[in-house]
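The listed protein sequences derive, respectively, from chains A and B.
Note that the numbering used here has the first sequence beginning at 1413, numbered continuously upward.
Note that the numbering used here has the second sequence beginning at 598, numbered continuously upward.
Hints are not guaranteed to be accurate.
[Unchecked claim] Computed list of lysine to any residue pairs in SDA-like fashion (alpha-carbon distance at most 20 Å, straight line): (1) B:Lys820 with A:Ala1421; (2) B:Lys946 with B:Glu925; (3) B:Lys812 with A:Ala1635; (4) B:Lys962 with B:Val949; (5) B:Lys812 with A:Gly1428; (6) B:Lys678 with A:Arg1531; (7) B:Lys717 with B:Ser691; (8) B:Lys812 with A:Arg1531; (9) B:Lys812 with A:Thr1631; (10) B:Lys820 with B:Val801; (11) B:Lys820 with A:Gly1676; (12) B:Lys712 with B:Arg673; (13) B:Lys820 with A:Asp1546; (14) B:Lys950 with B:Ile998; (15) B:Lys820 with A:Leu1418; (16) B:Lys765 with B:Asp996; (17) B:Lys678 with A:Asn1527; (18) B:Lys812 with A:Gly1530; (19) B:Lys812 with A:Leu1638; (20) B:Lys812 with A:Ala1544; (21) B:Lys678 with A:Ser1523; (22) B:Lys967 with B:Gly753; (23) B:Lys678 with A:Glu1526; (24) B:Lys820 with A:Ile1550; (25) B:Lys806 with A:Trp1677; (26) B:Lys950 with B:Asp885; (27) B:Lys678 with A:Phe1522; (28) B:Lys800 with B:Gln762; (29) B:Lys820 with A:Phe1548; (30) A:Lys1449 with A:Thr1602; (31) B:Lys647 with B:Val904; (32) B:Lys717 with B:Arg741; (33) B:Lys812 with A:Leu1672; (34) B:Lys983 with B:Gly767; (35) B:Lys806 with A:Ile1668; (36) B:Lys820 with A:Leu1673; (37) B:Lys983 with B:Ser887; (38) B:Lys806 with A:Ser1675.
For the record, the hints were derived by calculation from the structure and aren't laboratory data.
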Amino acid sequence: MNLDFLALAQMAVSGGLMGMAYALVAYGFQLTHAAGKAVNFGQGELVMLGAFTGLSLSGCGLPYWAAVTGAMIAGALLGWFVERTAVRLALQQHNEGWVLLTIIVGLFWFSAAENIWGREDKPFPVPWPESALDFFGISVTWQELAVAAGALGMMTLIELARRYTMIGIAVQAVSADQDAAELCGIRSRTAISLSWAVSGIAAAFAGTIIGPVTTVGPTMAAALTLKAFSVAVVAGLGSSFGLLLVGVALGASENISGFLLGSGWREAPALILLIVGLALRPQGLFGKKIIRKV
Amino acid sequence: MKAYRSILAVLLATTFSTSAMAANVVKIAITGPFSGGSAPMGVSMRDGAKLAIAGINQNGGINVGGKRMKIEIVERDDEGKNDRGALVAQEISSMGDISAVIGTVNTGVALTGDKYYVEKGIVKIITPAAGSASMTQWSNAGTRNLPIFRFAAYDGIQARMVVEQAIKMGCLRVAILHDATNYGVSGRDDLLRQINNQGGRVKVVTVEKFAIGDKDMTAQLLKAKAAGAQAILIWGIGPELAAVASGKQKLGFRVPMIGGWTLSMSNFIDTAGAAGNGVLMPQTFIEDESIARAKPFIQAYHKAYGVTRIPSPVSAAQGYDAALLLAEAIHEAGSTNPSGIRESLENLKVAVKGCIADWKKPWSKWDPSKVETHEAFRRENTVMGKVQNGHVVLANPADKIVLQGKMLNK
Chain A
1413 MNLDFLALAQ MAVSGGLMGM AYALVAYGFQ LTHAAGKAVN FGQGELVMLG AFTGLSLSGC
1473 GLPYWAAVTG AMIAGALLGW FVERTAVRLA LQQHNEGWVL LTIIVGLFWF SAAENIWGRE
1533 DKPFPVPWPE SALDFFGISV TWQELAVAAG ALGMMTLIEL ARRYTMIGIA VQAVSADQDA
1593 AELCGIRSRT AISLSWAVSG IAAAFAGTII GPVTTVGPTM AAALTLKAFS VAVVAGLGSS
1653 FGLLLVGVAL GASENISGFL LGSGWREAPA LILLIVGLAL RPQGLFGKKI IRKV
Chain B
598 MKAYRSILAV LLATTFSTSA MAANVVKIAI TGPFSGGSAP MGVSMRDGAK LAIAGINQNG
658 GINVGGKRMK IEIVERDDEG KNDRGALVAQ EISSMGDISA VIGTVNTGVA LTGDKYYVEK
718 GIVKIITPAA GSASMTQWSN AGTRNLPIFR FAAYDGIQAR MVVEQAIKMG CLRVAILHDA
778 TNYGVSGRDD LLRQINNQGG RVKVVTVEKF AIGDKDMTAQ LLKAKAAGAQ AILIWGIGPE
838 LAAVASGKQK LGFRVPMIGG WTLSMSNFID TAGAAGNGVL MPQTFIEDES IARAKPFIQA
898 YHKAYGVTRI PSPVSAAQGY DAALLLAEAI HEAGSTNPSG IRESLENLKV AVKGCIADWK
958 KPWSKWDPSK VETHEAFRRE NTVMGKVQNG HVVLANPADK IVLQGKMLNK
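Isolated chain B (complex conformation):
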């Protein structure tokens, strides 16, 4: 009996001490695939965001209504799986003391999980998932006071850039390849929509899909080749993209391969090897230290995590800037209350100097008929990247000015 009593006392003491501590911290959850095929993006996003948060905490934390509060991070691995992502979202939204969430790489995870945050009104900044559906699901439903924001060049922008690039290269007969996930299918639809917008200029000769885990893409590529495709427009993730690049090389099918930003994933670049050279994809950030704005972030990331190459530079940079924006919003809201944070994210007063751009009011009040109100990126923030010997470089060196400049959003 005595023993029980002392255990109870210890338990009570710890409960009170954690709640006492909790009053002085802001809890932010970071979710994403930290294992599996999408891990390079998830891990980089997490590490980028943590770098920003570590910097903020080092300076004493966020000033919330005159009180300095440090940020505490809750991490959850959704493994890139839709069902697991739903569980993670359920868990975080029921914790009760989470102020905001940063994360999600896989569009399907956003589709299955984000409803829990919306129900509870918890603020979430989606980054780096790019699939259009993760925002259009809310505009289609006509949701009001949406707490979900996106901080990534969404596929509508990316698909437009990919199609424009194909036209610029004179490839007017294209094959579309995509994976069977929500991301791949919504990417295919975005591509078809953009091709439609171009009038009859570009002809789609074949649309082929592949599954996660497929290693042999010979069948899809042979069909594209037989149909006379002059370029392959592709939406998928690293391992399967690499299988397509190797298959192309094997068949001697030398046409440009242009696709979503996932072509910059390290597991694509490493697995494809020489077969990946010349592949083109939209990027919001390039790991190039000659870009003055990017240099401090790149060096800090390399130093903090002991790497010489960021697994997914775009994810890392977006995670970093998203965390800075979120911290600013909490400061401006003057409270850790999610609905206050949502309102100040929609109406940020101070421009945040990030490693991608100076963010001045990136989002505005949610309007279900205009999905752009909760999208931070525009076509002008985004450049074409190219794989070259294991690195992503600018496809068009003149674009450096886009990433360099103090370009303000809106």
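Okay, chain A solo, but in the shape it has when bound:
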């Protein structure tokens, strides 16, 4: 019994730490949704491209930190590119074509990655030790800790920038009311572009921190978009703190259901969570009900 409990705790901790990565990708959804009311359904592919860019850069002999920074720059460009090509025009015409367009751009990234880097899964070398730490019988690897710390750190940084820098406040103004913000002299188009670039940074960074755990390959983030989207929807598209809680809960429940029901059932909780979440609280667990005055 004690051993079973320990095993469950181990599964929950491993899953929860990886769940932080879901939260980080979901945060990328939140950023673009707040600013421009659209999200990138190819976000998982940005994660994958970020990981591959980081891997290639560290393959060129750059130290880990430089490779991660390079991946983040690539992520920013890619995020900006997606907004410019797939989203802006559709939104200007007030149609929902961006949903399909972002998926298509994602598919394009996927094919490109297959052709550039090949279909094999590659290991992502990291500077920290391969060994595991032991907390009361629960093993945690440095890679897992790096995922949690990285996700938390990145979200905190972006959130601080959003709240306390001039540019961040401008972006917030655009998300509150685009027309009013424009009247105050804020270029809303730039603000939206910026939030897409930052969302791309978050995705690429997520790739470089989960790459060492999952290995890097074109399919590494195939399920990630859906899981992160579930987290974003269930938590509500307004609360970054909620994302962390839901992300951790989703990661843990995935692992536990895989352990108790068999590994084939691992993916089930994300889908159930999404369905139940949408049915019970469409505005999200931590979201505010939007009241539209007509």
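Following the hints, complete the assembly by docking chain B onto the known chain A.
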């Protein structure tokens, strides 16, 4: 109109010239996964076979009924996918001028594709796919005049070696882990059969499976640990095997990991890193230049492909020897006709000196009740390998004599 006519003329000319050329070449197809998780095996097998073929062509080709014929290769990537493999087999078997096929890494691909070759009677040497099912499917069906041969230590041998190794190490409570592919499932059955053959000596405490693409094996390993497993017997391919090794290290679960020969794949060794050290698997070839028989092949491979390590040495060596055996069979048959090649493969007169062994009549006339008639390898050709710092070495240095010696098959 004039333009059409000249195009037609060019087309006709090229058609005739290729058919005229075709009379002087033997066409051999090489199929396997050249991309995806099984690629190290597929690419090494292909490159090993091409090395042998390049050597033969350099010496003027094969002497077929007094005429020198060069070998032309047709390559197809099956991506390790069953459906893709079936398409590739369909395509090759309908080309009409293919004399023989070498290849297949994934047992599932052999299960879905080989029926097309059997229908047309095209000779195929399966290498390095090891899953028992790719041959037993024909013995179960009672197929006659089977044109499918295997050149790999099949899982029946490998499972026996793995179980014997576990007993030798005193691990009598074992956990079986396997992937959900045809290869993994048939490997699990082979392991259970071999454990059964040992009487009640070895106890299986748990059987766990995982899917292709799984990166987190904590659940399976925790169950094995909780059940008190003293060793993990495993059947899978590189990336997932690496995830198991890393998971074991993470949980501090220090028991031996013994499994199929796929544990020697470069994508296992590289991804698992230090966590892969000490892992044991059956091997038919070791990339060790101190083995006199292997040295020329290893050096030639390194030179031809500009590498310092063969991605999957077993696949490369088996591809090489299989191509040599096939060339000898075509020579002895005196024709490029598949049914002639099949008969001479079943009754090779001259011993072929390969980089694994001297092959003297490795196959015999197909008997559906004896699958060994079309299996080239025996327990005695196979040794235990061990992962050590990024390389596969002999687990038992005394085994060098097996790979060194002029040991003849049968």
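Structure-based check of each hint:
1. B:Lys820 with A:Ala1421: The given pair, whose Cα atoms are some 13 Å apart, holds under the 20 Å limit.
2. B:Lys946 with B:Glu925: OK: Lys946 (chain B) and Glu925 (chain B) at ~9 Å, within 20 Å.
3. B:Lys812 with A:Ala1635: holds (13 Å)
4. B:Lys962 with B:Val949: holds (18 Å)
5. B:Lys812 with A:Gly1428: Judged against 20 Å, a Cα distance of about 15 Å means the pair holds.
6. B:Lys678 with A:Arg1531: Holds. Lys678 (chain B) to Arg1531 (chain A) sits at ~13 Å (cutoff 20 Å).
7. B:Lys717 with B:Ser691: holds (8 Å)
8. B:Lys812 with A:Arg1531: holds (16 Å)
9. B:Lys812 with A:Thr1631: OK: Lys812 (chain B) and Thr1631 (chain A) at ~12 Å, within 20 Å.
10. B:Lys820 with B:Val801: holds (13 Å)
11. B:Lys820 with A:Gly1676: OK: Lys820 (chain B) and Gly1676 (chain A) at ~15 Å, within 20 Å.
12. B:Lys712 with B:Arg673: holds (17 Å)
13. B:Lys820 with A:Asp1546: holds (19 Å)
14. B:Lys950 with B:Ile998: holds (16 Å)
15. B:Lys820 with A:Leu1418: holds (11 Å)
16. B:Lys765 with B:Asp996: Measuring from Cα to Cα gives roughly 16 Å; hence the hint holds.
17. B:Lys678 with A:Asn1527: At roughly 18 Å apart (the allowed maximum being 20 Å), Asn1527 (chain A) and Lys678 (chain B) satisfy the hint.
18. B:Lys812 with A:Gly1530: Since the Cα atoms of Lys812 (chain B) and Gly1530 (chain A) sit roughly 19 Å apart, the hinted pair holds (cutoff 20 Å).
19. B:Lys812 with A:Leu1638: At roughly 18 Å apart (the allowed maximum being 20 Å), Leu1638 (chain A) and Lys812 (chain B) satisfy the hint.
20. B:Lys812 with A:Ala1544: Since the Cα atoms of Lys812 (chain B) and Ala1544 (chain A) sit roughly 17 Å apart, the hinted pair holds (cutoff 20 Å).
21. B:Lys678 with A:Ser1523: Status holds; Cα separation ~18 Å.
22. B:Lys967 with B:Gly753: At roughly 13 Å apart (the allowed maximum being 20 Å), Gly753 (chain B) and Lys967 (chain B) satisfy the hint.
23. B:Lys678 with A:Glu1526: Holds, because 16 Å separates the two Cα atoms, which is no more than 20 Å.
24. B:Lys820 with A:Ile1550: holds (14 Å)
25. B:Lys806 with A:Trp1677: Measuring from Cα to Cα gives roughly 12 Å; hence the hint holds.
26. B:Lys950 with B:Asp885: holds (18 Å)
27. B:Lys678 with A:Phe1522: holds (19 Å)
28. B:Lys800 with B:Gln762: holds (14 Å)
29. B:Lys820 with A:Phe1548: Between Lys820 (chain B) and Phe1548 (chain A) the Cα gap is close to 19 Å, so the pair holds against 20 Å.
30. A:Lys1449 with A:Thr1602: holds (15 Å)
31. B:Lys647 with B:Val904: Within the cut-off at roughly 16 Å; holds.
32. B:Lys717 with B:Arg741: Roughly 13 Å separates the two Cα atoms, so the pair holds.
33. B:Lys812 with A:Leu1672: Roughly 18 Å between the alpha carbons, so the hint for Lys812 (chain B) and Leu1672 (chain A) holds.
34. B:Lys983 with B:Gly767: holds (18 Å)
35. B:Lys806 with A:Ile1668: holds (16 Å)
36. B:Lys820 with A:Leu1673: holds (12 Å)
37. B:Lys983 with B:Ser887: holds (16 Å)
38. B:Lys806 with A:Ser1675: Distance ~8 Å between Lys806 (chain B) and Ser1675 (chain A) Cα, so the pair holds.
Going down the numbered hints, you'll see the structure goes against none, and every one checks out.
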